[in-house]
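Undergrad: With numbering that gives the first Met the number 0 applied, the sequence shown closes on residue 228, and no number is skipped along the way.
Heads up, a few of these hints could be off.
When the alpha-carbon atoms are kept at most 27 angstroms apart in a straight line, the in silico DSS-like pairs for lysine-lysine are as follows [claimed, not checked]:
#, residue 1, residue 2
1, Lys139, Lys161
2, Lys72, Lys161
3, Lys72, Lys139
Rather than coming from a laboratory, the hints here were simulated on the basis of the structure.
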Amino acid sequence: MYSHYWKQNQLFIISLFTVVLLVTFSLPVLETVSLTELAYDGGSEESYDCPNQNTWRAVKFVFSDFSLSGSYKLLQARIFRSNRETPNDQLELHILTSDGTGDLPGTTPVIFTTTHGGWNDIDLSGQNIIVSGDFWIAYKWLGPNNSPCIAYEYSSTGRSFKGSPGSWTQFDDTYMIRAVVDPLPEPSAPVGGVVTPVNKTEVLIPLLALVGLFTVISAVLAVRKRSIS
Numbered sequence: 000m001y002s003h004y005w006k007q008n009q010l011f012i013i014s015l016f017t018v019v020l021l022v023t024f025s026l027p028v029l030e031t032v033s034l035t036e037l038a039y040d041g042g043s044e045e046s047y048d049c050p051n052q053n054t055w056r057a058v059k060f061v062f063s064d065f066s067l068s069g070s071y072k073l074l075q076a077r078i079f080r081s082n083r084e085t086p087n088d089q090l091e092l093h094i095l096t097s098d099g100t101g102d103l104p105g106t107t108p109v110i111f112t113t114t115h116g117g118w119n120d121i122d123l124s125g126q127n128i129i130v131s132g133d134f135w136i137a138y139k140w141l142g143p144n145n146s147p148c149i150a151y152e153y154s155s156t157g158r159s160f161k162g163s164p165g166s167w168t169q170f171d172d173t174y175m176i177r178a179v180v181d182p183l184p185e186p187s188a189p190v191g192g193v194v195t196p197v198n199k200t201e202v203l204i205p206l207l208a209l210v211g212l213f214t215v216i217s218a219v220l221a222v223r224k225r226s227i228s
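Please take these sequences and the hints and turn them into a complete structure.
TA: And the structure:
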């Protein structure tokens with residue numbers, strides 16, 4: 000009985016497995032991408048600083064602090080607006096060159112509004128900003144409402160500044176400004192500094208396709224076996 004069943008279904012089974020192989024090799028290779036958040040602060044507001052109109056606050060991101068190398072796409076800037084005062088103010092965000100004197104080539108200022116206390120995330124993914132060395136995230140308050148107070152921590156990293164491009168004064172503590180980057184073309188393996196992984200889950204298309212196809216094969220064969228018997 001088994002031999003008879005196999006002979007009748009041999010061509011059918013071979014055809015289905017051929018389809019499985021063709022679909023599998025035509026699908027993209029499964030890839031896991033891990034974004035990296037660069038941070039000098041520990042995430043806890045300890046005090047706040049309220050700049051005057053048209054004055055700047057900034058953090059300089061130094062690649063060697065995070066054991067980074069290669070090129071990265073800057074996807075997001077994060078600024079912690081103090082929870083101790085009223086939000087909703089317009090700010091002008093700049094990505095500055097390593098010396099902090101002017102905008103990184105190819106970038107344009109981004110106007111955004113802080114809408115709440117805590118982390119305010121500014122999407123830069125559409126700006127195609129590539130950093131391959133030290134860079135600054137800086138902003139100035141446009142006013143004229145109450146100044147937007149930025150949170151800071153009582154720690155000294157030497158990477159926080161106030162003033163303006165080309166005329167910076169080092170701030171004694173640490174402003175809560177962060178950067179989210181995506182490595183290009185291959186991930187680096189940061190081992191120093193304070194680097195926080197950000198999950199970015201890709202759809203497992205090849206695996207799901209195989210599971211689905213084998214499920215269909217099993218169901219069809221079961222139906223055909225019942226019809227034969």
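Undergrad: Hints numbered earlier in the text: which of these fail when held up against the supplied structure?
TA: none
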